[in-house]
Every structure is written in C-alpha cells, then in structure tokens.
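Heads up: the protein sequence lines correspond to chains A and B, in order.
Position one of the first sequence corresponds to residue 121 (this note's numbering), numbered consecutively onward.
Position one of the second sequence corresponds to residue 3 (this note's numbering), numbered consecutively onward.
No lab work stands behind these hints: they were computed from the structure.
A few of these clues could be false.
To be verified - Across the chosen pairs, the derived CB separations fall in these ranges:
hint : chain 1 : residue 1 : chain 2 : residue 2 : range
1    : A       : Glu159    : B       : Met69     : 36 to 42 Å
2    : A       : Gly181    : B       : Gly44     : 36 to 42 Å
3    : A       : Gly181    : B       : Pro129    : 46 to 52 Å
4    : B       : Asp70     : A       : Gly181    : 14 to 20 Å
5    : A       : Val139    : B       : Gln73     : 55 to 61 Å
6    : A       : Ala122    : B       : Leu180    : 52 to 58 Å
7    : B       : Met69     : A       : Val139    : 48 to 54 Å
8    : B       : Pro129    : A       : Asn219    : 52 to 58 Å
For glycine and all other residues, C-beta sits at the position ideal for the given N, C-alpha and C.
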Amino acid sequence: MAIDISPFATEMNRGFLQVLVLVLLEKNMYGYSMIKQLETRGYKVEENTLYPMLRRLEKKGLIKSKWDVSKDRPRKFYVITKDGRAVRAKLLKIWQQQNEILNHLLKENQNV
Amino acid sequence: MSKRLEIYLEEISHYLGISKEKQEITAEIKSHILEKTEQEYGEITDITIERIIETYGSPRQVAEKYMDDYQIIAPTFKGHLLRYTMILFIFHFGLTVISLIFKTSMLIFPFFFIPKIDSLQSLFYLPMTFVFDLGLVGIILYFVTQRGKDIKLPWPKLNLNWQKMASRRLEKPKIILLILMLIGYTALVYVYMRYQTLFFKSLNFKGVESLFNPEASKWYSLALLSFLGIGILAYIVKFFARPEWVNLLRSALQLVILGIVINRPIDNPFLEFIYLDLQITANIIIAIVATLIAIDFLKSLIILGRKSLMKKTFS
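Generate the whole structure from the sequences, applying the supplied hints.
Put into structure tokens, the structure is as follows:
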C-alpha cells in the first residue's frame, strides 16, 4: 500500500515556505505575483496557505504591507522589515546547518 | 462585484467569527481572486470567478487557515480540563448524595448549590452538574490560555493507579466467598421469615423485640435484603460477564435502593419513643454507605471510560 506523503510534505513545507517568503520579499510583491514567481521556479503554493502565513509574519513584525490603490484594482504589497532580515539570516543559517547534517548522514548511509 | 464573489466572501467572514481583521482578510482574498481571474481567463465574469473560487477552497477551510494559531484552550491544559472537571464533579456528586440523604438544599459559595431534590430528580440533576463543571473549568482554562503567560497550574495527584485498580476489580470471583455470602444471606432470609424483621431492639430469652413498628420493619428489612441480594447477584454474574459493567450496574441499583429508602420514610418507624437521635444515626450510616457506593460507581465509570479511551487510542 502506497503511503500518502502529503501530511509529511505539508509539515515540511510550512517552515520552508516561511524562509522562502522572507527571501522573496526583499522587493515589494503582492500575493498573486509571489505565487507566480514561485511557480516559475517549480514550487507550488496554495493561496489559502500563503495569505494566512503573510498575516502571521506581519503580526510578528517580520514583513510589512501596504495597499496600492493607484491602479483600477487595489493590491496589497508586502516587503521584508529590518527585523525580518535579521530573522531570515538566522533561519538561513539553521537551514544550512540542517542541510549539512542531512548530507553528512546520507553520505554515511551510502558507505554502509 | 460579482454576486457569487460577494456571497463567498460573506461566508468566509461568517466563519472568521469575531476576528477584528475579517474586513482586511476578505479584502485581501477579493483582490487575489479578481487578479487571478483576470490573469488566467482574461475577463472577469460570474463564470470565471466561479472557477477560481472553486480552486480557492471552501469558506470554512479558508477561515480555519487564518485561525491556525488561535486556541481556545492550550494543548498543555487539555489534561487539566478532564482532571479538574472530575475533581469538581466528585465534590458535586458527594454533596448531592448528602443533600439527598438529609433532604436539604446546600450552598457552598461560590460554585456549589444543590437544591432539595429527590432521587429521581437527581438522575437528571447530576448530568447537568457534570456539564456545568466541564463548562466552568473550560471557562477558567480559556482565560488562562488567553493570558498567554507561562502559568503553571497545579496538577493534583489522585493517587489512583488505574491499571492496578482495574486489574484488582477484574479478578475472578471466588466460589468459596460466594458460598459464604449465600449462607449468610439465607440466614438473614430465615430470620426475616421468622421474625418479620432484621432490626432488633433486644434479643433475650423471652423473645425478640423489633426496633421498628411492623410496617417499618417489613419495609426496611426488605430494602436491606434487596440491597444485599443485588450485591450477591452481581457477584454471581461476574462469573459470566465483564466485571466492570457488573460493578457499575450493581452500584447504580444499590444507589437507587438507598434513594428509595431515603425518599419514602415511614412516619414514626420506631416502636416507642426510645432513642431520639436514632434517626440521625441511621441517616449518617446511610450517608456513609451511599458515599462509598457512589465512589465505587464513579470508579467503575472512570475505569470503563479509560478502557474505551485506550481502546480508541491503540486501535
């Protein structure tokens, strides 16, 4: 019987998406453009996952948002904050360490 | 704005409940849906909007994603919810039994008020108190959770070894004990048949003297025989049926008998005006017996509850 990996993948993606968003928001972007940007790079993200996450990051002060009403349709633009950059740097460091540990263990497994 | 989109956003807003941000959230979703519709279909019509909404998710699912980090009761307090409720309910149960026996209402400020009720009413009253206790503990834990601070709530140890308790109560009944019980019971039935009472004021060579008048003698003796008979019958049934259920049923039936005895007193049951405080003594004895049986009843209920919980957890 094939095991459904979606719950594991969701769990894994949650943290990854946070880092990804903090990296992506170095420049001003709105939700739909972020989804498209990630899609072109082969990463699919559900809109009803992205928006609540943006809200949580904003509440924690890692990103900020502003409505642009200059066009015929209002768009909400997001950008990373100073605190967001500091957190991003730490998260990337953790992510790199995790990657190194994982690669190291995988190499060890290959030699067994 | 499309009527369909309006309804969709209204539904999301409904599920978001009292969230202060729901206007902002729905504005964000509206902006995204309109943007996506135009980008993917080139035009915004009811049909194209409908297609995009279908991929966005049901209003409830969408609203829940925004509430992921909102908790009514923190997971660390979920164990407290059951334990505190159980402790509160044991108090409520005990006080209800006492107020039943002494036929009085009781108020222990601020949480306990037990009205003057009879045994039948108590059958309806007790489940209600359980719901009240659960709600009360729930409200307190809600406020503790919402404060968001690291509050360490006391964790009273009930000193109950469930596995030991369950295994002890599941021991097989012993045939010798049953024989002894049957002999004792037969003796009691014999005494009753001969003297029409099981309660004696005095036993001397001239004869026996009953403590109660004939009607009360018959009534209380039969109640005692039924009470003991249920105990013996339950013991016999344990040879064939699951003991935890038998214990539960036995305690319940015995409590009903005590309830009947308390609620149907006979006027002036004593033969003569001898011991004025005998009635109070009798009430105290009944109160102690009823409390012990009530505790037994609760234990059986808890063991059954935990067994079914473990079954569900490990199945």
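Going down the list of hints, with the structure as the test:
1. Between Glu159(A) and Met69(B) the beta carbon distance is about 27 Å. The supplied range of 36 to 42 Å is therefore violated.
2. Roughly 39 Å separates the CB atoms of Gly181(A) and Gly44(B), a value that falls within the hinted 36 to 42 Å.
3. Checked against the hint of 46 to 52 Å, the C-beta distance between Gly181(A) and Pro129(B) comes to roughly 48 Å, which is consistent with it.
4. Range check, Asp70(B) to Gly181(A): about 19 Å between beta-carbon atoms, so the 14 to 20 Å window is met.
5. Look at Val139(A) against Gln73(B): about 25 Å separates their beta carbons, and that is not inside 55 to 61 Å.
6. Between Ala122(A) and Leu180(B) the Cβ separation comes to about 57 Å, which falls inside the hinted range of 52 to 58 Å.
7. The hinted range of 48 to 54 Å is not satisfied by Met69(B) and Val139(A), whose Cβ atoms lie roughly 23 Å apart.
8. In this structure the supplied range 52 to 58 Å holds for Pro129(B) paired with Asn219(A), their Cβ-Cβ distance being about 56 Å.
The structure does not agree with the numbered hints 1, 5, 7 stated previously, though it agrees with the rest.
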